[in-house]
Amino acid sequence: VILPGEMREILNRVVTAEKEAEANVIRRREETNATRSLLNTAKVMSENPVMLRLKELEALEAIAGKVERLTVHNGTEGLMTDLVKLRD
14 VILPGEMREI
24 LNRVVTAEKE
34 AEANVIRRRE
44 ETNATRSLLN
54 TAKVMSENPV
64 MLRLKELEAL
74 EAIAGKVERL
84 TVHNGTEGLM
94 TDLVKLRD
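Residue numbers (my numbering): 14 to 101.
Just so you know, the hints here were simulated from the structure itself, not pulled from any lab data. Note that beta-carbon positions come from the ideal geometry of N, C-alpha and C, so glycine has one too. Don't take each hint at face value.
Claimed, not checked - Restraint-style ranges between C-beta atoms, simulated for each label pair:
#	residue 1	residue 2	range
1	Leu-70	Ser-50	38 to 44 angstroms
2	Asn-53	Lys-79	44 to 50 angstroms
3	Arg-42	Leu-16	44 to 50 angstroms
4	Thr-48	Lys-79	35 to 41 angstroms
5	Ala-77	Val-28	47 to 53 angstroms
6	Arg-26	Asn-61	50 to 56 angstroms
7	Glu-43	Arg-66	46 to 52 angstroms
8	Glu-60	Asn-37	39 to 45 angstroms
9	Leu-16	Glu-71	56 to 62 angstroms
10	Ile-23	Ala-72	50 to 56 angstroms
11	Arg-82	Val-28	52 to 58 angstroms
12	Glu-22	Leu-70	57 to 63 angstroms
13	Ile-76	Ile-39	49 to 55 angstroms
14	Val-27	Met-58	35 to 41 angstroms
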């Protein structure tokens with residue numbers, strides 16, 4: 014089928030709009046899944062304070078790897094005390 018130039022341009026715009034709409038749907042689905050995953054993680058963390066503390070320590074470790082010097086004011090003794098308190 015051979016279409017006149019204007020019709021071809023209109024058809025191309027329609028196809029482009031449809032593809033963009035499909036991409037938006039996929040992007041929104043992915044955002045919804047990511048949000049759902051964050052919610053599940055938050056629920057697990059609220060039910061397991063020790064796991065939350067481990068995540069905090071992982072974040073601290075990641076930060077420590079990017080800086081020259083890191084001072085922990087609570088000290089490791091305080092960390093262990095906090096962990097023991099979380100278990101009780």
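(request) Given the hint of 52 to 58 angstroms, check if Arg-82 and Val-28 actually sit that far apart at their C-beta atoms. (result) Holds: the Cβ-Cβ distance is about 57 angstroms, inside 52 to 58 angstroms.
(message) Quick check on a hinted range of 50 to 56 angstroms for Arg-26 and Asn-61, using CB atoms only.
(response) Given about 52 angstroms between the Cβ atoms, the range holds.
(request) Could you check the hint for me, namely that Glu-22 and Leu-70 are 57 to 63 angstroms apart, CB to CB? (result) holds, 59 angstroms
(request) Can you let me know if the beta-carbon spacing of Ala-77 and Val-28 is within 47 to 53 angstroms? (result) Roughly 51 angstroms apart at Cβ, these two residues keep to the hinted range, so it holds.
(message) Quick check on a hinted range of 44 to 50 angstroms for Asn-53 and Lys-79, using CB atoms only.
(response) Violated, at about 28 angstroms.
(message) If I claimed the Cβ atoms of Glu-60 and Asn-37 lie 39 to 45 angstroms apart, would that claim hold in this structure?
(response) violated, 35 angstroms
(request) Could you check the hint for me, namely that Val-27 and Met-58 are 35 to 41 angstroms apart, CB to CB? (result) violated, 47 angstroms
(message) Assuming the hint says 46 to 52 angstroms, is it satisfied by the Cβ distance from Glu-43 to Arg-66 or not?
(response) Violated, at about 30 angstroms.
(message) 50 to 56 angstroms was suggested as the range; check whether the CB atoms of Ile-23 and Ala-72 agree with it.
(response) holds, 53 angstroms
(message) Within 49 to 55 angstroms: is that where the Cβ-Cβ distance between Ile-76 and Ile-39 falls?
(response) violated, 34 angstroms
(message) I want to verify a distance hint. Is the separation of the beta carbons of Leu-16 and Glu-71 within 56 to 62 angstroms?
(response) For Glu-71 against Leu-16, whose Cβ atoms are near 58 angstroms apart, the range 56 to 62 angstroms holds.
(message) Looking only at beta-carbon atoms, does the pair Thr-48, Lys-79 fall within the given range of 35 to 41 angstroms?
(response) violated, 27 angstroms
The structure shown violates the earlier hints numbered 1, 2, 3, 4, 7, 8, 13, 14.
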